[in-house]
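Protein sequence lines, in the order shown, are assigned to chains A, B and C.
Okay, so the first sequence: first residue is 1 according to this note's numbering, each after it adds one.
Okay, so the second sequence: first residue is 1 according to this note's numbering, each after it adds one.
Okay, so the third sequence: first residue is 1 according to this note's numbering, each after it adds one.
Simulated from the structure, these hints should not be mistaken for lab results.
A virtual CB, placed ideally from N, CA and C, is assigned to each residue, including glycine.
Careful, some of the hints might be misleading.
Unchecked claim - Under the rule of at most 30 Å between Cα atoms (straight-line distance), these lysine-lysine pairs were calculated in the BS3-like manner:
| # | chain 1 | residue 1 | chain 2 | residue 2 |
| --- | --- | --- | --- | --- |
| 1 | A | LYS237 | B | LYS216 |
| 2 | C | LYS174 | A | LYS10 |
| 3 | A | LYS31 | C | LYS174 |
| 4 | A | LYS2 | A | LYS216 |
To be verified - Output of the computed footprint for chain A on chain C, the stretches with three or more beta carbons under 8 Å from beta carbons of chain A:
| # | region |
| --- | --- |
| 5 | 159 to 171 |
| 6 | 178 to 192 |
What the hints assert, rightly or not - Short derived list, chain A residues pointing at chain B, Cβ under 7 Å:
| # | residue |
| --- | --- |
| 7 | GLN68 |
| 8 | PHE119 |
| 9 | ILE121 |
| 10 | ASP207 |
Each chain is listed here by its residues.
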Amino acid sequence: MKLLEIEDLKVGFETEAFLFRKKQKDKEVLKGVTFSMEENQVLGLVGESGCGKSTLAKVIVGMNQTYQGQVQYHGTKPQMVFQDPYNSLNPSKTIGFTLTEPLRVQKKWKQAEIRKKAFSILESVGLDEKLFDRYPHQLSGGQRQRVCIAEALMTDPKLLVLDEAVSALDVTVQAQIIKLLLQIRQERNLAMLFISHDLRVVYQMCDQVMIMEQGKIIEMGDTQTIFYNPKEAYTKKLLEASGIADEI
Amino acid sequence: MLQVEHLTIDFQDDKTEETLVHDFCLTMNPGEIIGLVGESGSGKTLTALSIAGLLKRSGMKKQGAIYFEDTDLLTCSRTDLRNLQGKEITMVFQEPMTSLNPLKKIGWQVEESLRIHTSLSKQERYQLAIESMKAVELKEAELIYHQYPHQLSGGMRQRIMIAAAMIMNPKLLIADEITTALDVTVQAQIIELLKKLNREKKTAILFISHDLSLVKRLCHRVLVMQQGNVVEENTSLEIFQNPKEEYTRQLIAAIPKFDKKRKELPEC
Amino acid sequence: MKVRQQFKRTISFNRIVGSLITGLMVLLIFVGIFYTPYDPDAMNAVEKLQGISIRHILGTDHLGRDLLSRIMEGSKTTFFVAFFTVLIGASIGMVLGALSGYLGGIFDRIIMGINDVMFAFPSILLALVMIALLGTGKIQVVIALGIAFVPSFTRIVRAEFIRIKNMDYIENAKLIGVKPLRIMFVHILPNCKTVLLSAIMIGFNNAVLAEAGMSFLGIGVQPPDASLGRMLSESQSYLFSSPMYIFFPGLAIILLVLGLSLLAESLSKDL
């Protein structure tokens with residue numbers, strides 16, 4: 001079943017009109033992106049900074065409303081996990097507050113239910129219940145990222161958008177989080193859009209890969225195909241730069 | 001050239017007393033590239049800062065000695081230290097967005113160490129700055145000379161930082177996670193650049209990173225640090241082919257591998 | 001290592017001295033509510049401008065009123081005027097700053113425009129204009145100063161909101177469907193507490209000084225009510241003949257400001 005369908009998506013940034021300055025179209029960040037995602041699919045999105053990866057992520061989760069084209073998802077609203085675990089948790093709130101907030105604002109849950117659910121999700125991301133009353137500064141980077149994943153899972157989304165979610169972590173922690181993500185995917189029948197500039201991680205995580213350059217998807221296909229038989233020159237350049245071309 | 005002997009750095013608080021770097025030894029020859037590998041909190045940056053003489057002398061308890069060509073950096077006078085800094089030992093930091101002063105022109109910042117350590121005329125400084133910027137493969141160096149940091153991309157800024165660090169032809173360049181904030185293609189270019197500078201100018205490089213795949217491509221010798229201790233030291237080839245310590249093996253296993261068939265994830 | 005220890009010691013020094021001084025002043029004010037040695041307004045033509053004595057511990061003023069009683073009364077007035085001034089200034093400033101920083105756009109432009117206009121005048125002048133409109137008296141002083149203090153709080157809160165609203169955790173809060181008002185006051189505001197606390201302390205000190213200044217000019221608290229600024233203003237004619245008269249009210253102002261500053265500084269390091 002199709003989970004997400006995007007057709008001819010275009011996003012441009014505009015400078016606001018003010019006094020004598022006219023409204024101007026500055027730059028197109030996304031120039032007609034078309035793709036779709038299935039249930040339980042892990043799709044990688046690779047590209048360099050400034051190519052429009054994050055803009056695409058923002059459109060998908062609904063943080064950017066000024067787009068042209070079609071964006072449709074079926075099922076609960078997708079959630080997002082951000083890159084920097086030091087910036088994505090509110091420093092003045094306990095982990096418990098952060099976890100329970102998504103359900104509290106929906107106003108149809110009982111306090112006890114929310115707590116119970118938060119504890120069970122905390123367990124499924126491999127964290128101790130003791131962390132419930134801690135503050136973010138008492139946690140390590142890996143633990144924080146687990147909390148962020150747990151928060152995203154609280155509303156039972158069918159699609160998770162991970163924007164460079166493991167890039168800021170140490171290698172061993174990175175490996176643990178990747179493992180956790182794949183495990184959660186199995187347990188919850190979750191689809192993921194995995195955005196990264198690290199081709200090695202993408203290779204490990206994803207079923208399919210899209211390569212993006214300057215607002216366009218230039219190549220798309222199964223991970224194996226893309227890595228072993230890249231067609232576009234840009235894809236080859238990326239593979240070479242990360243030293244993968246030598247290892248294959 | 002550089003000899004670090006039993007360097008121990010303690011941090012003391014009224015509650016805890018922590019040893020952040022424990023018994024660190026390192027011998028570095030001219031023109032060598034040494035990789036310092038470890039996860040965050042392993043003390044690698046602290047070690048680098050103390051070698052560069054940037055760790056506050058009064059702030060932490062330090063034992064041991066750091067000899068740079070017979071000068072002990074931990075005990076020598078501040079004037080001696082300042083004469084070495086920026087001239088013989090230079091450092092480049094991780095974040096290219098914050099390590100340049102946004103209010104000063106690029107050229108001014110590249111020339112800064114010339115202004116401090118030499119008495120060259122403005123014209124000569126300009127010449128050297130342009131040369132140094134060309135050496136880091138910046139095209140249109142004359143144009144960039146008059147630009148401001150915000151007009152440049154992250155990769156270009158990092159090149160500027162390297163150009164500024166290399167302008168005095170230092171004997172030792174300390175590179176602290178300089179590729180971490182950059183895109184893969186730019187990372188590869190910076191690695192090639194460091195190799196070239198090392199080959200042509202015989203600058204020794206202490207390359208600090210948590211990215212083992214980069215270390216493998218660049219360094220001659222590798223030190224693996226874990227929680228303030230050096231757990232393994234060997235040539236780059238040996239470390240990657242026959243890691244002896246469990247921790248090193250874990251680190252290497254954590255690098256995603258490429259096999260025809262996707263392998264199961266490593267146990268961590 | 002030594003430096004660190006000294007650093008620690010200054011923190012506790014600030015806290016101990018700060019709380020001692022503040023405690024003393026608060027004690028003085030609270031006792032003053034229920035009991036003063038003499039009626040602060042009772043004049044006594046015989047005992048004018050006396051120095052320290054057993055009958056009048058801090059002496060008397062030019063109308064023979066007991067200085068200690070008047071300082072207790074005056075500190076109370078000054079403290080509450082400053083307290084409510086900051087309360088008004090900070091709460092209005094907080095709301096305006098939060099809205100303006102979070103919403104941005106045309107609303108932000110209007111608020112900031114008004115703010116800039118208010119900043120263009122010295123706050124004491126602004127307060128003067130408002131006194132002219134409202135008339136004199138304690139409550140009027142509080143309102144006038146409170147409004148004059150709004151712009152500085154608005155600025156501080158707005159700057160913090162602009163910084164924090166772009167953090168990932170706020171983006172995430174929007175994503176999970178938190179309503180704007182809840183984001184502003186539950187998610188963002190607690191993160192401003194460090195900056196706000198120091199702003200409130202500086203504001204409080206400024207309010208004490210502004211009240212003293214206004215009373216000194218004769219547009220603040222009206223006689224026979226006592227306030228520390230009023231007392232300073234009345235005592236200036238006797239600066240050389242009886243220096244104690246001007247010394248004690250001055251000292252009370254200094255202690256009030258100093259004690260709270262030290263306390264706030266030590267607290268803000270803990271936050």
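Item to complete: List in ascending order the numbers of the hints, as given earlier, that are violated by the structure.
Response: Numbers 7, 8, 9 and 10 - these are the hints that the structure violates, sorted from lowest upward.
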